[in-house]
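> Sequence:
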Amino acid sequence: MIHIKELFRLQNIHRLRLIAGQDGLERTVREAVLFEYDPSSVQLPDFYRGDLVVTTLAYARGDAKLVAHSLQALMNQGIAGLMVKTAYFSELPQAVITLANRLGTPVFLFDDTYIEEVILQVTDLIRGKRHFAGFEQDVDALMRGDLTEEQTRERARRIDPLGQSSYRIYAVSPKERMITLDDKLYALMETDADAAHRCTFIEWRRMMLALCREEDGLSAQEALTRFGDLLTRAGVDRQSVVIGQSDLREARAQMGASLCEAVYAARAAKLCGKAELAAHELGLYAYLFPMSENPFVCDRCRRVLSAIREYDAQNHTNLEQTALVYVKENMEIAAAAKVLFQHPNTVRYRLSKIQRIIDMEDDPLFAPMLSLTVSLSRILAEGQV
Numbered sequence: 002m003i004h005i006k007e008l009f010r011l012q013n014i015h016r017l018r019l020i021a022g023q024d025g026l027e028r029t030v031r032e033a034v035l036f037e038y039d040p041s042s043v044q045l046p047d048f049y050r051g052d053l054v055v056t057t058l059a060y061a062r063g064d065a066k067l068v069a070h071s072l073q074a075l076m077n078q079g080i081a082g083l084m085v086k087t088a089y090f091s092e093l094p095q096a097v098i099t100l101a102n103r104l105g106t107p108v109f110l111f112d113d114t115y116i117e118e119v120i121l122q123v124t125d126l127i128r129g130k131r132h133f134a135g136f137e138q139d140v141d142a143l144m145r146g147d148l149t150e151e152q153t154r155e156r157a158r159r160i161d162p163l164g165q166s167s168y169r170i171y172a173v174s175p176k177e178r179m180i181t182l183d184d185k186l187y188a189l190m191e192t193d194a195d196a197a198h199r200c201t202f203i204e205w206r207r208m209m210l211a212l213c214r215e216e217d218g219l220s221a222q223e224a225l226t227r228f229g230d231l232l233t234r235a236g237v238d239r240q241s242v243v244i245g246q247s248d249l250r251e252a253r254a255q256m257g258a259s260l261c262e263a264v265y266a267a268r269a270a271k272l273c274g275k276a277e278l279a280a281h282e283l284g285l286y287a288y289l290f291p292m293s294e295n296p297f298v299c300d301r302c303r304r305v306l307s308a309i310r311e312y313d314a315q316n317h318t319n320l321e322q323t324a325l326v327y328v329k330e331n332m333e334i335a336a337a338a339k340v341l342f343q344h345p346n347t348v349r350y351r352l353s354k355i356q357r358i359i360d361m362e363d364d365p366l367f368a369p370m371l372s373l374t375v376s377l378s379r380i381l382a383e384g385q386v
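Each residue of the sequence shown is one higher than the one before, starting from 2 at the first, in my numbering.
Note that these hints are calculated values from the structure, not bench results. Treat the hints with care, since some could be wrong.
Claimed, not checked - Straight-line distance between alpha carbons at most 25 Å, and here's what the computed DSS-like set of lysine-lysine pairs gives:
hint, residue 1, residue 2
1, LYS176, LYS271
2, LYS271, LYS329
3, LYS275, LYS185
Just need the whole structure built from these sequences, with the hints factored in.
Structure (structure tokens):
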């Protein structure tokens, strides 16, 4: 959070000036929010205490009464403050000024600065010079997917206050040891205005997430290449990280799904030994990762593996190794036998032993069940690293 008086630190907003509500300069701001209004709507959108509302008043061109009505209603909702671009009105109605002074709601005017740039500058100031921290709870909540529509909108708005264009989310994960990404990316954002406008970075667990606004019709591969180039320009060693990419979306209500896609794609890339992976390439992993977050499924997987390992320990056999190779070789007995330097009948015998151990004799679903168990075990092992 910041105090409203700290807005005066923003040097790139042209002619920012306070015109009312000076008594509220010590108010705190949690986020900058774009205000667009459909005059035919019965009521205004809901805003919250701590919201700094930014608007061009484009909805009220030439209608000073509508300006007065809408801005008074906004301030009565308890917003922290108001920033108005003078594109359509060079001054505000006296009724707005009077109410702002009475409520102590700071009202600013500014000229000739893109409204999106204003929101990004304020958001960067709130986040603390774009060091990307403080949004782990929002990401977790969106990925769980159990929020109401209003809660989803609020969480997504904290991450992306503009919310106007198509976007993809990228997850950057270190291959082995943790590497420092934030300082390098922050330095790039300071010098590359285009990258700063397009991308919002978020630290989350051992990953760096990036929401990238994409309006230029790039294919998924072209967009992934451009993001990789951005990391290279920031001085990130591409050999030390893997990248996961979500599908292209417009609705911020689907941000949770995009986050899951990017994170799962990065984790799958690491498991598969790939440098990058897009959501549409997830295949079975699109189902395995959500399953790996289900306690019942995880317990079942561990019990099956434990039974196989216990048999191996007691009988000096290699059933677990056989299962791993069998799954890796696409459940082809001949290929598994070649890797294991065993006769195919030996592999068949070992697989039949596993069937008996896990109570799946003569079950046509044994092969997919074994594949599922082995693949899940790799994911669970990854989570313990």
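> Now tell me, hint by hint, if it's right for this structure.
Here is how each hint holds up against the structure:
For the hint pairing LYS176 with LYS271, the CA-to-CA distance comes to about 7 Å; that is within 25 Å, so the pair holds. At most 25 Å may separate the alpha-carbon atoms for a hinted pair to count; LYS271 and LYS329 meet this at roughly 16 Å. Our distance criterion of 25 Å between C-alpha atoms is met by LYS275 and LYS185, whose separation comes to about 23 Å.
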